[in-house]
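A.B. asks: Residues per chain are reported as follows:
Protein chains: 2
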Amino acid sequence: MEIPFATIERISTYLRCLKRLKEKGIKKVSSRELSGFTKTTPEQIRKDLSYFGRFGKTGAGYDVSILTRKLERILKHKKIWNVCIIGAGSLGSALAKYNAFKTEGYDIVALFDNDPQKIGNNIGGKEIYSIESFPEITEKIGIEIAILTVPQEAIEEIEPIISKSKIRGIINFVPQLLNIKTRRKITTLDVDLAQKMYILSYLIKNKKEE
Amino acid sequence: MEIPFATIERISTYLRCLKRLKEKGIKKVSSRELSGFTKTTPEQIRKDLSYFGRFGKTGAGYDVSILTRKLERILKHKKIWNVCIIGAGSLGSALAKYNAFKTEGYDIVALFDNDPQKIGNNIGGKEIYSIESFPEITEKIGIEIAILTVPQEAIEEIEPIISKSKIRGIINFVPQLLNIKTRRKITTLDVDLAQKMYILSYLIKNKKEE
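So the protein sequences, as listed, match chains X and L.
Start counting the first sequence at 875; every next residue gets the next number (my numbering).
Start counting the second sequence at 875; every next residue gets the next number (my numbering).
Excised from the complex, chain X in its bound form:
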């Protein structure tokens, strides 16, 4: 059975929310409470979870620890993913120091850039390698995910290098779509920060008084 992309997105929202509840020491949560945090309905939550089996008894609420563990297994499959960053500019450097990735088991282990001034340096303890060595280094270290933060005009130069590698997934922060051949081979998730602005300005304008 194919699970809709929107369900996977929401499941990952529930998981991140459950983790925060767990940190606060909360042990049980109802679908109603969870819906309050995640901009969805209790019915939607129950439907989304039903794709993956049964979770807890009706009316009793979900056990936060158990549900966290189950959703983590569904989404993540393995304990640690090795991740690299392509583009050691300001956004790339900021993400290299971003703690939440490591906490969740996505370990940034290397950066890549084409600037000779940057190659060989460290950011947050991670080495910056030459982009030319991308296929070789990623295979050697066992990196499967790349975060793409290069300038828009560098995309054309970067794509053939990425295509030659064994990388499996890309989180793309560049506001441009990768070409269809790359996207067929490598799973790509676009993170468009400007898009968030559009959503927010719509929500501001249409906010209901509560």
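Don't read these hints as lab results, they were simulated from the structure.
Some hints here could point you the wrong way.
For chains that are exact copies, the list does not tell them apart, and a pair is met inside one copy or across any two.
Unchecked claim - Distance condition first, Cα-Cα at most 20 Å in a straight line; then the derived DMTMM-like pairs of lysine to aspartate or glutamate:
1. Lys1070 <-> Glu1013
2. Lys1070 <-> Glu883
3. Lys921 <-> Glu1033
4. Lys913 <-> Glu1031
5. Lys1055 <-> Glu907
6. Lys1081 <-> Glu1010
7. Lys913 <-> Glu883
8. Lys992 <-> Glu1006
9. Lys1040 <-> Glu1018
10. Lys1081 <-> Glu1018
11. Lys1079 <-> Glu883
12. Lys1059 <-> Glu917
13. Lys898 <-> Glu1030
14. Lys1000 <-> Glu917
15. Lys944 <-> Glu897
16. Lys913 <-> Glu876
17. Lys1000 <-> Asp989
18. Lys976 <-> Glu907
19. Lys1059 <-> Glu1031
Since the structure of chain X is already known, use the hints to place chain L on it.
C.D. replies: What follows is chain L alone, placed relative to chain X:
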């Protein structure tokens, strides 16, 4: 009629995609082509757009320019939004230099921090103000949107200051939910970068061969 949040999210994806097509000089796009770029179905696109009226004739495809302009008006309402960043750390500084916001008409005009070493400095030509002056400065400059990039432990200190201001929307990069009182008063959109990792690792594992 209330429009589902998921529709607004998708509409903003369509808009960003249309803008890229426009940059490439593409004048017409079918719902099928648009669906290929946006991980959704042609039926979903037509349904989402139908909330906002009729766009183009069946079978003829959408006029990229017209649809772009219409969706922009629906989501954005006005030409320029003034935006500030709370937390002039590495992520905040990177976002202050992030061009795509400006291109879309979301203009970052100020930063706020509590570090006396940073206050008074400039990042990308924008002044860093003391967080204490947040309600006053945002009102004076006419800032309605704040991007929150403070460390997690600073949230408790920051929330009462934000609550005193006339800010209308927050893009929250801190992996912690703001309290319910703040969220009732101020429209909040959480951007959870670690969540993207969960989605990507799921998609990698479940990628269909094409």
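A.B. asks: Evaluate each hint against the coordinates.
C.D. replies: Outcome of the hint check:
For the identical chains of this complex, lysine 1070 and glutamate 1013 are neighbours neither inside a copy (34 Å) nor across copies (23 Å), given an alpha-carbon limit of 20 Å. Taking the shortest alpha-carbon separations for lysine 1070 and glutamate 883, both the intra-copy value of 15 Å and the inter-copy value of 8 Å come in at or below 20 Å. With identical chains, the CA atoms of lysine 921 and glutamate 1033 are never at most 20 Å apart, being 38 Å at best within one copy and 34 Å at best between copies. Proximity of lysine 913 and glutamate 1031 under a CA criterion of 20 Å is satisfied in neither setting, with 40 Å inside one chain copy and 25 Å between copies.
Taking the shortest alpha-carbon separations for lysine 1055 and glutamate 907, only the inter-copy value of 15 Å comes in at or below 20 Å, while the best intra-copy value is 42 Å. Taking the shortest alpha-carbon separations for lysine 1081 and glutamate 1010, neither the intra-copy value of 51 Å nor the inter-copy value of 24 Å comes in at or below 20 Å. With identical chains, the CA atoms of lysine 913 and glutamate 883 are at most 20 Å apart both within one copy (12 Å) and between copies (12 Å). Taking the shortest Cα distances, lysine 992 and glutamate 1006 sit within 20 Å of each other inside one copy (14 Å), while across copies they are farther apart (37 Å).
When the C-alpha separation of lysine 1040 and glutamate 1018 is checked against a cutoff of 20 Å, the pair qualifies only within one copy, where the shortest distance is 7 Å, while the shortest distance between copies is 44 Å. In this assembly of identical chains, lysine 1081 and glutamate 1018 lie within 20 Å of each other by CA distance solely across copies; the values are 14 Å between and 41 Å within a copy. Only between protomers do lysine 1079 and glutamate 883 lie at most 20 Å apart by alpha-carbon distance; the minimum there is 15 Å, versus 25 Å within a single protomer. Proximity of lysine 1059 and glutamate 917 under a CA criterion of 20 Å is satisfied in neither setting, with 35 Å inside one chain copy and 26 Å between copies.
When the C-alpha separation of lysine 898 and glutamate 1030 is checked against a cutoff of 20 Å, the pair qualifies only between copies, where the shortest distance is 14 Å, while the shortest distance within a copy is 45 Å. Neither within a single protomer nor between protomers do lysine 1000 and glutamate 917 lie at most 20 Å apart by alpha-carbon distance, with minima of 44 Å and 45 Å respectively. With identical chains, the CA atoms of lysine 944 and glutamate 897 are at most 20 Å apart within one copy only, with a shortest distance of 17 Å there and 43 Å across copies. Proximity of lysine 913 to glutamate 876 under the C-alpha cut-off of 20 Å is restricted to the inter-copy arrangement: shortest distance 14 Å between copies versus 24 Å within a copy.
Taking the shortest alpha-carbon separations for lysine 1000 and aspartate 989, only the intra-copy value of 16 Å comes in at or below 20 Å, while the best inter-copy value is 26 Å. In this assembly of identical chains, the alpha carbons of lysine 976 and glutamate 907 never lie at most 20 Å apart, being 28 Å within a copy and 37 Å across copies at closest. In this assembly of identical chains, lysine 1059 and glutamate 1031 lie within 20 Å of each other by CA distance solely inside one copy; the values are 17 Å within and 46 Å between copies.
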